[in-house]
Amino acid sequence: MRISTLAVTALLTLAAATAAHAHAFLDHAEPRVGSTTPAAPKEVVLFFSQNIEAAFSEVEVSDANGARVDQGKPKVNATTMRIGLKALPPGTYRVHWHVLSKDTHSTEGNFTFQVEK
Amino acid sequence: MSRHLLPTLALAGVAAAFSTDAFAHCFVGARFFPATLATDDPCVADELSLPTVSWSKTGDFPPATAWDFSGEISKRITENFGISVGQDWTSIRQADGTLTQGFQNLETTLQYQILRDREHELAILSGVIVDWGRTGSTGSGLATDYSLVTPTIYFGKGFGDLPSSFSWFRAFAVTGQVGYEIPTSSFDFIENVFIPQQLVYGASLQYSMSYLKSEIVDLGLPDFINHLIPVIELSLSTPVANNFGNPYTTTGTVNPGVIWVGSHFQVGLEAMIPVNRVSGTGVGVLGQLHLYLDDMFPSTFGQPLFGASPTTPRKMTF
Numbered sequence: 001m002r003i004s005t006l007a008v009t010a011l012l013t014l015a016a017a018t019a020a021h022a023h024a025f026l027d028h029a030e031p032r033v034g035s036t037t038p039a040a041p042k043e044v045v046l047f048f049s050q051n052i053e054a055a056f057s058e059v060e061v062s063d064a065n066g067a068r069v070d071q072g073k074p075k076v077n078a079t080t081m082r083i084g085l086k087a088l089p090p091g092t093y094r095v096h097w098h099v100l101s102k103d104t105h106s107t108e109g110n111f112t113f114q115v116e117k
Numbered sequence: 001m002s003r004h005l006l007p008t009l010a011l012a013g014v015a016a017a018f019s020t021d022a023f024a025h026c027f028v029g030a031r032f033f034p035a036t037l038a039t040d041d042p043c044v045a046d047e048l049s050l051p052t053v054s055w056s057k058t059g060d061f062p063p064a065t066a067w068d069f070s071g072e073i074s075k076r077i078t079e080n081f082g083i084s085v086g087q088d089w090t091s092i093r094q095a096d097g098t099l100t101q102g103f104q105n106l107e108t109t110l111q112y113q114i115l116r117d118r119e120h121e122l123a124i125l126s127g128v129i130v131d132w133g134r135t136g137s138t139g140s141g142l143a144t145d146y147s148l149v150t151p152t153i154y155f156g157k158g159f160g161d162l163p164s165s166f167s168w169f170r171a172f173a174v175t176g177q178v179g180y181e182i183p184t185s186s187f188d189f190i191e192n193v194f195i196p197q198q199l200v201y202g203a204s205l206q207y208s209m210s211y212l213k214s215e216i217v218d219l220g221l222p223d224f225i226n227h228l229i230p231v232i233e234l235s236l237s238t239p240v241a242n243n244f245g246n247p248y249t250t251t252g253t254v255n256p257g258v259i260w261v262g263s264h265f266q267v268g269l270e271a272m273i274p275v276n277r278v279s280g281t282g283v284g285v286l287g288q289l290h291l292y293l294d295d296m297f298p299s300t301f302g303q304p305l306f307g308a309s310p311t312t313p314r315k316m317t318f
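Taken in order, these protein sequences are the chains called G and X. Position one of the first sequence corresponds to residue 1 (the numbering used here), numbered consecutively onward. Position one of the second sequence corresponds to residue 1 (the numbering used here), numbered consecutively onward.
Since the hints were made in silico from the structure, they are not lab data. Note that CB positions come from ideal geometry on N, CA and C, so glycine has one too. Errors might be hidden in some of the hints.
One-sided and incomplete, this derived list gives chain G residues near chain X with beta-carbon spacing under 8 Å [to be verified]: (1) His28; (2) Pro38; (3) Ala40; (4) Gly109.
Each computed SDA-like pair below joins lysine to any residue, with the alpha-carbon atoms no more than 25 Å apart [to be verified]: (5) X:Lys57 to X:Ile83; (6) G:Lys102 to X:Phe301; (7) G:Lys102 to X:Phe297; (8) G:Lys102 to X:Ile92.
Anything over 10 Å on all C-beta distances counts as not near chain X; from chain G, calculated [as the list claims (entries may be wrong)]: (9) Ala22; (10) Ala29; (11) Gly34; (12) Asp63; (13) Asn65; (14) Ala67; (15) Asn110; (16) Lys117.
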């Protein structure tokens with residue numbers, strides 16, 4: 001086996017061995033990113049690709065006027081973060097999140113969903 | 001090892017162990033700029049491109065077949081200042097079977113992060129690239145005995161800050177770089193030609209399927225598709241001075257391709273289409289394995305050597 005092949009194999013093996021640490025990407029969400037729901041959801045749930053730190057991970061949900069519609073504190077469990085919602089009338093809502101993965105890498109994002117009239 | 005170096009390394013190790021990292025590889029707000037293959041991304045980072053492999057046919061008559069194998073490692077010294085070291089090994093087989101192969105000159109790059117604007121997904125980076133003369137195979141003609149110094153500016157801009165009405169268009173991003181290459185010698189006495197100063201520039205247009213899924217609309221596509229970033233790159237150089245008696249012809253390639261982005265590494269594959277006959281013959285291929293060292297070694301090598309905050313990570317303010 002050539003040295004270059006060995007080196008690449010070793011690096012990939014190392015990458016696989018460290019698979020528990022990386023940036024936390026948003027894998028999917030409920031309500032789904034960009035979706036329209038027929039009924040107002042009771043909560044927003046975010047599913048990430050890595051474990052996240054509860055103390056440094058946050059989520060906000062606001063309506064079209066920028067007013068907060070979430071309630072309570074975000075609950076973090078391993079790769080999941082959820083937050084309760086007030087009773088939502090039909091309209092467009094923006095979810096803004098920021099999380100810190102277990103290895104202190106920071107990621108953020110935002111998306112919208114709609115509640116059908 | 002000098003008596004001064006040991007304490008310095010120890011200090012660096014302590015700093016790395018207690019430091020935190022808000023950015024690491026090229027995240028700017030919700031946007032991730034992947035490492036592009038023909039041009040550079042607009043961030044300092046801890047990363048390793050190994051290997052980058054290309055196959056192409058030269059613009060000679062008749063064309064020769066060229067293979068190029070290269071590697072580059074990048075390391076942050078501070079949060080915003082980094083250094084890269086790269087090396088190319090090239091093999092060129094002429095149509096008559098003549099083989100030329102060897103190392104090109106060693107390349108180093110110093111880069112400083114000028115701006116990372118999270119809200120507007122905008123990154124600006126400055127750098128100086130140096131190809132060090134006499135560090136490669138000068139006997140084969142693949143390396144020169146003079147150096148090349150190229151001050152360069154890099155940028156990246158995502159379109160996620162456009163109004164929601166732009167919908168899927170917001171997953172697009174552009175990156176680019178412009179450099180001015182200055183040789184340390186003005187005349188090549190071996191080839192008996194002037195050595196021109198050149199404008200070296202390039203750009204990429206990229207579409208992030210991951211951004212589409214997590215920021216705009218989740219279409220429920222297969223996971224593999226959601227990790228793809230289709231990209232088209234442009235890599236050009238144009239002589240602009242000290243080119244007496246030679247045409248001021250722009251050379252380069254247009255590279256359509258795709259990058260698959262994982263948690264710890266990415267894989268890219270591009271076609272290389274010469275922009276004119278001087279730039280090459282037919283379509284070449286460029287591939288790269290790129291490792292995110294900050295994710296692979298988050299508490300050691302993946303940290304800047306100096307200057308990272310020893311405090312706990314910052315709280316987010318929306």
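### Query
For which of the previously enumerated hints does the structure constitute a violation, in increasing order of number?
2, 3, 5, 8, 9, 10, 11 and 15
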